[in-house]
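Enquirer: Read off the chains here:
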Amino acid sequence: MNDQGNITINGNAFSFEPGETILAVAGRNHIDIPTLCHLKGASPTGNCRICVVKIEKEKDLMPSCATLAEAGMVVHTESSEVVKARRLIIQLMLSTGNHNCAIRGTSSDDWTRFQMSVQAYDDSSELCPVWGDCRLQDLAYRYQVEPKRFSDAGTPYPMETVNPFIVRDFSRCIKCGRCVQACNDIQVNNAIQFGYTGSNSKIIAADDKALKDSDCVFCGECVQVCPVGALVEKDVRYRVRQWETEKVRTTCSYCGVGCQLYLHVKDNQVVKVSGVEEVAPNFGSLCVKGRFGYDFIHSPERLTAPMVKENGTFREATWDEALDTVARRFNEIKETSGSDSLGVLTSARVTNEENYIANKFARAVLKTNNIDHCARL
Amino acid sequence: MTNTISDIEKADVILVTGSNTTENHPVLSSFIKRAVTFRGAKLIVADPRFIQIAKFAHHWLRQKLGTDVAWINGMMNVIINENLYDHAFVEKRTEGFEELKEIVEKYTPGYVEEITGIPRADLTDAARMYAGARAGSICYCMGITQHTSGTDNVKSLANLAMLCGHMGVEGGGVNPLRGQNNVQGACDMGGLPNVFSGYQPVTDLAVVKKMEDAWGVSGIPSQPGLTVTKMIPKAHDGEFKGLYIIGENPLVSDPDLNHAKKSLANLDFLVVQDIFMTETAQLADVVLPAKCFAEKEGTFTNSERRVQRVRKAVDAPGQVMDDWKITAEIATRMGFAMSYGDSREIMEELAAVTPSYAGIDYDRIDLEGLHWPCPAKDHPGTPILHREQFTRGKGLFHAIDYTEPAENIDTEYPLFLTTGRLLYHYHTGTMTMKSEGLNERAPSCFVEISSHDAQTYDLEDGSMVKVESRRGDIHAAIKISEKAVAGTVFIPFHFAQAAANKLTNAALDPVSGIPEYKVCAVRISKAA
Ligand code: SF4
Ligand code: SF4
Ligand code: SF4
Ligand code: FES
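Order-wise, the sequence lines are chains A and B.
Residue 1501 in my numbering sits at position 59 of the first sequence, with consecutive numbering throughout.
Residue 284 in my numbering sits at position 130 of the second sequence, with consecutive numbering throughout.
You may find that some hints are simply not true.
In silico EDC-like pairs for lysine to aspartate or glutamate, Cα to Cα no more than 16 Å straight-line [unchecked claim]: (1) Lys-588/B / Asp-1737/A; (2) Lys-1809/A / Glu-366/B; (3) Lys-364/B / Glu-451/B; (4) Lys-1689/A / Glu-449/B; (5) Lys-1654/A / Glu-594/B; (6) Lys-1708/A / Glu-1688/A; (7) Lys-218/B / Asp-564/B; (8) Lys-1776/A / Glu-249/B; (9) Lys-164/B / Glu-324/B; (10) Lys-1526/A / Asp-1565/A; (11) Lys-1676/A / Asp-240/B; (12) Lys-1751/A / Glu-433/B; (13) Lys-416/B / Glu-451/B; (14) Lys-1654/A / Glu-590/B; (15) Lys-209/B / Asp-1657/A; (16) Lys-620/B / Glu-594/B; (17) Lys-384/B / Asp-1762/A; (18) Lys-196/B / Asp-166/B; (19) Lys-1751/A / Asp-439/B; (20) Lys-548/B / Asp-240/B; (21) Lys-479/B / Glu-433/B; (22) Lys-479/B / Asp-1762/A; (23) Lys-531/B / Asp-517/B; (24) Lys-588/B / Asp-1677/A; (25) Lys-1776/A / Glu-393/B; (26) Lys-1809/A / Asp-367/B.
In short, the hints are calculated from the structure, not lab data.
Taking the hints into account, I'd like the entire structure generated from these sequences.
Expert: Pasting the structure below:
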């Protein structure tokens, strides 16, 4: 037990560390408080207020992500007052954007009108591109919120599609500010911020330029943290649905940081990459190469069969022919010119296991220490 | 790295040199930027270009190309003269201090300014800042190693860190940032001419015997072999006859490419195993198609010595095979039976013969990687090296004098050229150039030049120029940039069509065999 006393959440007493928020204490004890704007690693902004809780003796509901636990505090995370507040927030968010995920029935006239206007903005007749992968949608179901009305005008800002990687759909932005924090507080690329005010507010790059003309380096951290469909990878939007994919965790094959990432696979194709959150070394972050540089995997230029050169030109060969040729020529050179006229260049691109085998091959089979790799180059 | 990546955020002073961190190690650069922006850490950047990370720096030291030993000695001169060094650390943990002191004596800030162009006051302030740190982290990359004095540069940084006691502590250390995903692993696994896996020397007969027993062979030579930078000239001379290249493209990455191409063409037999028909593969007699990372199981070891899993996500195209399987097949057909069921089996074998990996297995690193040395199954790994002592016991100071780079500017070739990478591409571009988006962001080669030099040569942004060195010439467009400083141009080396390495100098560091990519002399003229 902690000598600074306990906090009581939903009737149970919990110890806490100095500086710990109510949200963190609850999280550690498997009490689920919903969040939208809260971003691990960045200081809380209290922007969305979806995480509000009731603290006894406090007049107002308090955002749990920005309120520190205190001794003697008595907290309720799902009281009727709290639930009511959350429903209001969700309702407001749903009714101020193109949230056409059919949260509400689709039979009424205003749905049709709404859907038509969304289609015009979206250039697609499908439901929201992140349907099934959206925190706002999840919360709307969790709290059974039906928007009172559908928004008419959507947003004054057109979609931005002029860069190769990221689509910015301002009509679905809930202005939670996670992207701003991801860009400024996590990646420290300082490319985007809040701009304009009131209902015109917008996340802007530089003085409201396209991302490609700003300091943006296309790390995609903002896309990864966006809780809704406002920021989506261009190649994913309306092409891949989350439930069609499987995630495989692996290690980035570019630089020596060794970021942990998920390859999202659909029909034997890598269709998206995301960072693995909460583990070293990258804690969810990636760079443009790691996140968007995966096309080479399925490039039609990949070598798919062994090739041997004959009179200066390549022709396809069977594995047997190619491997026998290599073995025979290496043995010949070894016999006529000695082991040290042979060598191996192994690679910083292949695995440890493969490098080990290359090292064994040079030393035990060719019988030479002529082995190196190109990293010094 | 002696320390971990996360550790950088625990430093209160960070010295970055020879690393264009935001472009080459973007995610790692965020740790530095966060430390500076949110945790009050101080940043010193020593780099000839005004790179992005320099914008976060409290001191940007702009050294002339190839003068690193001089400014590092200069910092130590200030630190010793002002008695700012860590006496206890120097006393208890190091030797050779007197020799170091003697040599750095002449590197007064004034003398260093003459050599490096770094204003004496800046150098002095930076020295005080680094010495005054509770934990000072040094991060460096190819800008330090790719010099004829590369080994000296690295040793000098180690001198500096030891002098201030910033070794073996959280947030400290000397941290080389590895450029390629598994350079660390390639070195760890014996992809070097002088060591078996785990840096076990080939000259140690007991080690040779151990390996021979483990592998069931005899006659492994105990003489170090050739580095790649030695193999190529020997191939040129006809002494070296057969080469097996796995996953590398030296025909864009090698210095003095024209020479390298002739050399490889002169081989009796060249096998290239790769995922693409690279420039190098074009020269091969046999090309073997290999899997890419998304198609295989195994491990990579990152810069911080963390061994992490690689997992198969998709099936490989066509008849493509695992690299290890191809190598094992060749071995078997040469009369040495080699066969493994899967990569896990190979990991078990290599752990058994490699003390620093002995405790590592796939189950242990399933969720989070382990830092080697990890000598036993119950060992937690070693995030921070040299905590109690150095590998050799006491840390040895190396007294090092500054030597000039191999090539200097003159009236014929009046500009310095330095080379490097861009954010949007990787190495020779064989992978990144398959992404339209990355190509759109960085479509072609360019010559980065200061507005001052552009004016001198009457060049407009975007105009085509010819860049010539003593070894070759290339054509590329001019890019006027605030990153460049007068007198030095920069060319990214990714692009085979305008390969910067047709210009670079193949002069090598005598110890590491690393070529001097970072300094050579060129001239430019408007393209005809
Ligand atoms: S773009 Fe996404 S992350 Fe950014 S403010 Fe809008 S909803 Fe939030
Ligand atoms: S992609 Fe990265 S740099 Fe660009 S806005 Fe998003 S977080 Fe910022
Ligand atoms: S995502 Fe970027 S920073 Fe991370 S390992 Fe890959 S290339 Fe390096
Ligand atoms: S999650 Fe707490 S205010 Fe948004």
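Enquirer: Next, verify each hint and record whether it holds.
Expert: Evaluated hints:
{"no.": "1", "hint": "Lys-588/B / Asp-1737/A", "verdict": "6 Å, holds"}
{"no.": "2", "hint": "Lys-1809/A / Glu-366/B", "verdict": "11 Å, holds"}
{"no.": "3", "hint": "Lys-364/B / Glu-451/B", "verdict": "28 Å, violated"}
{"no.": "4", "hint": "Lys-1689/A / Glu-449/B", "verdict": "14 Å, holds"}
{"no.": "5", "hint": "Lys-1654/A / Glu-594/B", "verdict": "10 Å, holds"}
{"no.": "6", "hint": "Lys-1708/A / Glu-1688/A", "verdict": "7 Å, holds"}
{"no.": "7", "hint": "Lys-218/B / Asp-564/B", "verdict": "15 Å, holds"}
{"no.": "8", "hint": "Lys-1776/A / Glu-249/B", "verdict": "46 Å, violated"}
{"no.": "9", "hint": "Lys-164/B / Glu-324/B", "verdict": "7 Å, holds"}
{"no.": "10", "hint": "Lys-1526/A / Asp-1565/A", "verdict": "35 Å, violated"}
{"no.": "11", "hint": "Lys-1676/A / Asp-240/B", "verdict": "54 Å, violated"}
{"no.": "12", "hint": "Lys-1751/A / Glu-433/B", "verdict": "15 Å, holds"}
{"no.": "13", "hint": "Lys-416/B / Glu-451/B", "verdict": "36 Å, violated"}
{"no.": "14", "hint": "Lys-1654/A / Glu-590/B", "verdict": "15 Å, holds"}
{"no.": "15", "hint": "Lys-209/B / Asp-1657/A", "verdict": "13 Å, holds"}
{"no.": "16", "hint": "Lys-620/B / Glu-594/B", "verdict": "24 Å, violated"}
{"no.": "17", "hint": "Lys-384/B / Asp-1762/A", "verdict": "32 Å, violated"}
{"no.": "18", "hint": "Lys-196/B / Asp-166/B", "verdict": "6 Å, holds"}
{"no.": "19", "hint": "Lys-1751/A / Asp-439/B", "verdict": "5 Å, holds"}
{"no.": "20", "hint": "Lys-548/B / Asp-240/B", "verdict": "15 Å, holds"}
{"no.": "21", "hint": "Lys-479/B / Glu-433/B", "verdict": "24 Å, violated"}
{"no.": "22", "hint": "Lys-479/B / Asp-1762/A", "verdict": "13 Å, holds"}
{"no.": "23", "hint": "Lys-531/B / Asp-517/B", "verdict": "11 Å, holds"}
{"no.": "24", "hint": "Lys-588/B / Asp-1677/A", "verdict": "15 Å, holds"}
{"no.": "25", "hint": "Lys-1776/A / Glu-393/B", "verdict": "13 Å, holds"}
{"no.": "26", "hint": "Lys-1809/A / Asp-367/B", "verdict": "14 Å, holds"}
Of the numbered hints stated above, those contradicted by the structure are hints 3, 8, 10, 11, 13, 16, 17, 21, listed in ascending order.
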